[in-house]
Amino acid sequence: MANNAVKRRARWAAMVRPKVKRPKTFKTEESAKKYAEKHKIKDYKLVNLRSAESEDKKLKIITA
1 MANNAVKRRA RWAAMVRPKV KRPKTFKTEE SAKKYAEKHK IKDYKLVNLR
51 SAESEDKKLK IITA
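31 is the number that the working numbering gives to position 31 of the sequence shown; each next residue is one higher, with no gaps.
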């Protein structure tokens with residue numbers, strides 16, 4: 001017989017919202033190009049999701 005903590009955790013897990021699928025993002029252009037090559041994406045454009053002033057990049061692949 002399962003104890004109450006296990007039962008409670010199972011009930012809570014059933015009530016949790018499903019995760020929203022987010023777009024795949026990359027920190028470097030090389031990693032984005034490698035991903036596109038691996039998944040046979042030929043016509044694509046890289047878009048930076050961060051502001052222009054930011055030093056960091058967050059790149060997203062947009063298919064054309």
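Everything labelled a hint here was simulated from the structure, so no lab data went into it. Incorrect hints may have been included.
[Unchecked claim] Below, in silico cross-link-like pairs of lysine-lysine (DSSO-like), each with a Cα-Cα straight-line distance of 30 Å or less:
#1 Lys21 x Lys38
#2 Lys7 x Lys34
#3 Lys27 x Lys40
#4 Lys24 x Lys7
#5 Lys38 x Lys7
#6 Lys57 x Lys45
#7 Lys57 x Lys21
#8 Lys27 x Lys38
#9 Lys58 x Lys40
Predicted model, so just to flag it, every value in this text is computed and none were measured.
Hint check:
Annotation: proposed proximity of lysine 21 to lysine 38 holds, straight-line Cα distance about 20 Å (limit 30 Å). A threshold of 30 Å between alpha carbons decides the hint, and for lysine 7 with lysine 34 the separation of about 44 Å lies outside it, so the pair is violated. Proximity of lysine 27 to lysine 40 is assessed by CA-CA distance (about 20 Å); at most 30 Å being required, the pair is judged to hold. Taken as a hint, the lysine 24 and lysine 7 pair is broken in the structure, with Cα atoms around 35 Å apart against an allowance of 30 Å.
At roughly 43 Å between alpha-carbon atoms, lysine 38 and lysine 7 are farther apart than 30 Å, so this suggested pair is violated. In summary, the hint linking lysine 57 to lysine 45 is supported, as the alpha carbons are separated by about 15 Å, within the 30 Å threshold. Restraint check: the Cα-Cα separation between lysine 57 and lysine 21 comes to about 21 Å, which is no more than 30 Å; the hinted pair holds. Distance check on the hinted pair: lysine 27 and lysine 38 sit about 17 Å apart at the alpha-carbon level, within 30 Å; holds.
Proximity of lysine 58 to lysine 40 is assessed by CA-CA distance (about 21 Å); at most 30 Å being required, the pair is judged to hold.
Checked against the numbered hints above, the structure violates hints 2, 4, 5; every other hint is satisfied.
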